[in-house]
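Colleague: Sequence:
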Amino acid sequence: TPAFKRVISNGLVLDKKGEKMSKRLGNAVDPFQALDTYGADALRWYMLTNAQPWDNLKFDEAGVDEVRRKFFGTLYNTYSFFALYANVDGFDPETMMGEGSLAERPEIDRWIISKVNTLVLNVQKQLDGYDPTRAGRLIDSFVNDDLSNWFVRLNRKRFWGKEMDADKLHAYQTLYTCLMTVAKLLAPFAPFYADRLYHDLGGKLVSVHLEKFPVVDAAAIDKELEARMDIAQKITSMTLALRRKVNIKVR
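Residues in the sequence shown are numbered consecutively from 13, following the working numbering.
Keep in mind the hints are simulated off the structure, nothing from the lab. Don't take each hint at face value.
[Claimed, not checked] Below 27 Å or equal to it, Euclidean Cα-Cα: the simulated DSS-like pairs (lysine-lysine) are: (1) K216 - K235; (2) K32 - K70; (3) K82 - K70; (4) K137 - K35; (5) K82 - K169; (6) K246 - K235; (7) K35 - K82; (8) K137 - K224; (9) K196 - K216; (10) K82 - K257; (11) K246 - K174; (12) K224 - K235; (13) K261 - K169; (14) K261 - K82; (15) K32 - K17.
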């Protein structure tokens with residue numbers, strides 16, 4: 013009986029200039045020191061998303077620190093925003109996630125739910141094709157570009173109201189769905205961080221690694237809505253770039 017069906021061969025880890033690491037050159041990185049400084053998940057995420065496993069990796073500690081700040085920091089801030097208001101309002105996903113339907117939610121909610129289901133579909137496709145690098149980059153793009161910089165920024169005021177009306181409940185339901193889905197998708201890439209996020213969100217199992225991997229809800233995907241919102245994002249991005257070019261502040 014074969015010991016395995018498929019094998020992925022790892023490339024070499026080189027220094028940031030592309031030179032082979034050695035004690036003689038003094039360019040070797042102590043892996044244990046790097047783990048202590050940046051954490052295991054940031055290190056894993058950097059190595060998985062920076063280059064395909066079979067390619068040589070130019071290792072730069074500045075890149076690991078950037079990953080820690082830009083990806084994990086952004087995801088943490090997004091969760092913290094959710095937790096702050098959810099705790100104040102007493103949002104309970106166990107009893108409140110089933111209220112209402114997706115069709116009743118505003119367009120911005122339906123868009124991000126469509127995006128997160130498209131993300132599940134594409135991440136599964138890349139992992140099935142043994143390409144964890146592209147899968148990780150898709151998660152990174154969703155967290156930074158779609159969830160944090162677009163959905164949360166455009167919907168902050170919906171969480172500020174005093175009453176738990178239908179619109180506010182929809183906002184909580186939508187953001188919770190996105191965060192929990194990301195926690196499960198992130199599990200193979202950043203096992204410790206994903207487990208913490210899962211439990212902070214109220215996950216019921218002992219570990220996120222005992223959960224089933226997310227399954228796409230095809231009915232929730234609206235490609236036309238995604239395309240229209242993509243145009244809006246591009247226009248906004250171009251406008252902000254032009255304002256920065258001529259030193260016009262946003263506010």
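Colleague: Taking the numbered hints from earlier one at a time, note which ones the structure violates and give those numbers from smallest to largest.
Modeller: Those not satisfied are hints 1, 4, 7, 11, 15.
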